[in-house]
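Chemist: In short: position in the sequence shown from 1, add 15, done, that's the numbering used here.
Among the hints, erroneous ones may be present.
SDA-like cross-link-like pairs, simulated, lysine to any residue; straight-line CA separation at most 20 Å [claimed, not checked]:
no.	residue 1	residue 2
1	K75	I96
2	K126	Q207
3	K126	A141
4	K126	S103
5	K266	T256
6	K50	E76
7	K126	V154
8	K173	V154
9	K18	K284
10	K18	I223
11	K189	K266
Now the in silico label distances, taken between C-beta atoms and shown as ranges [claimed, not checked]:
no.	residue 1	residue 2	range
12	S185	R92	13 to 23 Å
13	P31	D77	26 to 36 Å
14	D157	D177	43 to 53 Å
15	W187	Q32	32 to 42 Å
16	D77	S185	42 to 52 Å
17	K266	Y104	35 to 45 Å
18	M16	D77	14 to 24 Å
19	Q260	G118	25 to 35 Å
These aren't lab readings, by the way, just hints derived from the structure by calculation.
We put the CB at the ideal spot given by N, CA and C, even for glycine.
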Amino acid sequence: MIKLVAIDLDGTLLNPQGELSTSVKQTIQSVRQEKIKIVLCTGRPFYSLAPLIKQLQLHKEDEYVISFNGAVLSDARGETIFFEQAVSYENFLQVLYLGQQLGLNYHVQSKEGIFTSSLVIDEYTAYDSILNRVPIKIVKLDELRHIPIYKVMLVGEKERIDAAIPQILSNWSKQFNHMRSLDCFYEFLPLQASKGQTLQRLTEQLGIQSNEVLAIGDNENDLSMLQFAGISVAMGNAAQTIKQQADYVTKSNEEDGVNHSLLQLLNEKRRIKS
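Modelling step: build the complete structure from the supplied sequences, incorporating the hints.
Modeler: As structure tokens, this is what we get:
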């Protein structure tokens, strides 16, 4: 019996315009009425989620959010952090130097915003700022020593990141949890931080077994939670590698695939009850 549904946001719960459909908002409330927890699991920083949390009526004391791709587990109000894992300053410097070698710029995400020591803000860092509705703060490199860094982002043209991936995979997997989140973004997180690991922490906290979890996602950064969940669902717009790892494939985010999956869950629960 499913007791918790973990849902990615971009490319999954949100349509291509970055919005929630009326149908999925209504269906999520129906799921919650069945005493099934809805947990948003996103690469986005927590501070960008308030409008979505409010629309979904998840701003209650006993609701939870996994943000920064698993680096932070908090209540949905943002009042209590149950788990956080930051990149050390020394490891951050290694990623910075790697980016310089590969011709990629960088910025970092913290609970206090987006930071960089670069005096020239490129289009990719600007896009991340717009996406998450947070200003960019330019600081001296040494100041980042005192800021909890949840994600280090190497950013640049798709082709440059394509070329960098073999070197990253062969040299950095023992130090970081790393993944490509968009064509222009490559993320480095603490080794102990991923959506799957943090979802496991939450379920242990709540006394829920992995076979009582359903996870829905579309991208590489969702893979760990899809592998953890008892039932995994890939979006119709997901990459083929993600679809191959999932138990089921639903419709695309443009076709409201999450709503479709949740309705199936409700129908199955009601069938069992009857």
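Chemist: Does each hint hold? Answer for all of them.
Modeler: Each hint tested on the structure:
For the given pair, K75 sits about 15 Å from I96 by alpha-carbon distance, which is consistent with the 20 Å threshold. At most 20 Å may separate the alpha-carbon atoms for a hinted pair to count; K126 and Q207 meet this at roughly 18 Å. Pair hint K126 plus A141 holds up; C-alpha atoms about 18 Å apart against a cutoff of 20 Å. A threshold of 20 Å between alpha carbons decides the hint, and for K126 with S103 the separation of about 15 Å falls inside it, so the pair holds.
Under the criterion of a C-alpha separation no larger than 20 Å, the hint pairing K266 with T256 is consistent with the structure, at around 16 Å. Of the supplied pair hints, the one linking K50 and E76 holds, its CA atoms being roughly 15 Å apart against a limit of 20 Å. The hinted pair formed by K126 and V154 meets the criterion: a straight-line CA distance of about 15 Å does not exceed 20 Å. Annotation: proposed proximity of K173 to V154 is violated, straight-line Cα distance about 27 Å (limit 20 Å).
A C-alpha spacing of about 11 Å is found between K18 and K284, which places the hinted pair at or below 20 Å, so the restraint holds. Between K18 and I223 the CA atoms are separated by roughly 7 Å; this keeps the pair inside 20 Å, and the hint holds. Among the hinted pairs, K189 with K266 is inconsistent with the structure: their alpha-carbon atoms are about 35 Å apart, more than 20 Å. Take S185 and R92: their Cβ atoms lie about 42 Å apart, and the range 13 to 23 Å is violated.
Here the CB-CB span from P31 to D77 is close to 32 Å, well matched to the stated 26 to 36 Å. For the hinted restraint 43 to 53 Å between D157 and D177, the CB-CB distance of approximately 32 Å leaves it violated. Under the hint 32 to 42 Å, the C-beta atoms of W187 and Q32, about 34 Å apart, fit the expected range. Taken as a hint, the range 42 to 52 Å holds for the pair D77 and S185, whose Cβ atoms sit roughly 43 Å apart.
The hinted range of 35 to 45 Å is satisfied by K266 and Y104, whose Cβ atoms lie roughly 44 Å apart. With their beta carbons about 19 Å apart, M16 and D77 fall inside the hinted range of 14 to 24 Å. A C-beta distance of roughly 32 Å is found between Q260 and G118, which places it inside the suggested range of 25 to 35 Å.
Hint compliance for this structure: hints 8, 11, 12 and 14 are broken, all remaining hints hold.
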